[in-house]
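Q: Here's the letter readout for the chains.
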Amino acid sequence: MSRQAYLVADTIVSPLGFSTSENLESLRNHQTGITAVHDPTLWADTFYAARIQNDQLQAAWQQIATNTDLTKLEKMMLLAVCKLAKENPSLDLTTAKIIIATTKGNIDALATAHPEKAYLHNLAKQLQNFLALPATPLVVSNACISGGLAIAVAKRMIQAAQCDDVVVIGGDILSSFTTSGFFSFQAVSPQACKPFCKHRSGVSLGEAAAALWVSATHSTTNESVVALTGDATANDANHISGPSRTGEGLYISIQKALDEANLMSDQIDYISAHGTATPFNDEMEAIAFNRAGVATAPVNSLKGYYGHTLGASALIETIIAKHALLENELIASLGFQELGVSQPLAIITSYQKQSLQRVLKTASGFGGCNVALVLEKIKV
Amino acid sequence: MSTPEYYIADYCTIRHHKVYRNGSCTYTAPSSMPLKEFTKGVYSTLEIQYPKFYKMDTLSKLGFLATEILVEKQQLPVETALVIANSAASLDTDRKHQASIVDPTNFYPSPATFVYTLPNIMLGEISIRHQLKSENAFWISEQFDAQWITSYAQLLLQSHKAEKIICGWVDLDTDKYDVFLALISKQGKHPFTAATLNKLYVEH
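Chains as they are written, first to last, in the numbering used here: chain A, 1 to 380; chain B, 381 to 584.
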């Protein structure tokens, strides 16, 4: 398989800013998007979450369009993809394959006069209409690995020469629907979440959107480019809401992704983990990383900055991993104080510059699904 | 290097309170029967002991039943991928969760319901039952898109990411349901193409 899948360009729309560069700047400065949220329409009590301010979104939106019939999620997603298209004139959205990755889409519409907006294919049609696309985008909804799975699919389509360009658009919003659900699981942290920390006690939820252009070609003027060289997904076949105690599916995914990239486990320079900060998830990841022999690599979770953005999370984290490779930098795992898992992990505790060649990105989700992606820096 | 050929080995349709396997009707119930009773009736024909079935939401039950009927007693390889799509995602259960949170004075969200507010939970249930440790991908489209399902399944098979595939459509929207699953493998009667898959989908 000689065709490469390059991560060409990207945009992130999050509480940390409406461009990838603003997001990176915040991460370098250990600045979080998680704040105390007082909003009875989301949850009766104050809770911690990463929220995009409506007035800021509206101000950014007005610079690209006057449509007011679009939902918050649609605006977030369109802002990301329109910015991507504007910054990359050679990207033709009408010929690229578009994949939308979302866990819950416009689920907040269920409580409105337009519950039909909650159908994910209607979200796809809204984006199609706004962008004047000839085909309805594909939609993948595979819990919290949706964004990572969509990137894996993009790579496979490109490598099999089904197409030359894929744009992955991912997004999820904060809603009373998901907030109440995570609270009912007693899985919400009373403060900003603390991935892999001894004092962690659950997730902080977040909202964000992102767009990533994956292509068979690149026209970079930089000295390096990032390609996806391995991908795999595997189910734990163990439990629908609890991660496997042996990290089975994640372990299998990592093994297979490394095999495809033709790499040994010690060749991974950095792991961008899922790290939701629930006691079971982080423990499962520590077990899987150790089983797979990658646990000596520096590792972080970005949930301390973004909260858990569900279907968008693995997409955003892959974009950040790509830039970490190009900039040779490691982002601190915010919220971490003291190791709180049973197996050793090299958690990144402060921002640092370090030469990087290869990154492993992983994600896991309800239903027992797991994904692993290998990103490599290639000299051009 | 020649491309290995794949076939639709078996297929199962559950529609209008009738169950079909490879084109033959194997179970039928009065159309007036509530869906919950119907799924229970289909389950009883399987003659299996699987108490987890009763905890599932209706969407998962439909996917579970169709898979049981499809594979019968065959042992599926661990590398069997699940590529399933529908139109309404998990909205049937989403509405139940939403009803539990709409009134602040009668607020009763339940983790047992919330966990099923993801369409891919059905894939997790099937993976647990058959010990499949391969890919799960849940796609959403307004109608059954045989072209994409076939093209994506071929991608997984040709790149050796899966040995066999269970693919198809499991949709539930209030009481409207539509189920069609096919088992794709190296042996079978029908060549695995989008046209054939679509032909079998509309057969009943």
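Bear in mind the hints are in silico, worked out from the structure with no lab data behind them.
As the structure is a computational prediction, the values presented were derived from the model and not from experiment.
Warning: the hint list may mix true and false statements.
[Said to hold, decoys possible] Below are the PhoX-like pairs computed for lysine-lysine, each with C-alpha atoms no more than 25 Å apart in a straight line:
1) A:Lys125 with B:Lys556
2) B:Lys566 with A:Lys256
3) A:Lys72 with B:Lys476
Q: Hint by hint, note whether the structure agrees.
A: Here's how the hints hold up against the structure:
no., hint, result
1, A:Lys125 with B:Lys556, "22 Å, holds"
2, B:Lys566 with A:Lys256, "22 Å, holds"
3, A:Lys72 with B:Lys476, "23 Å, holds"
When held up to the earlier numbered hints, the structure conflicts with none and fits them all.
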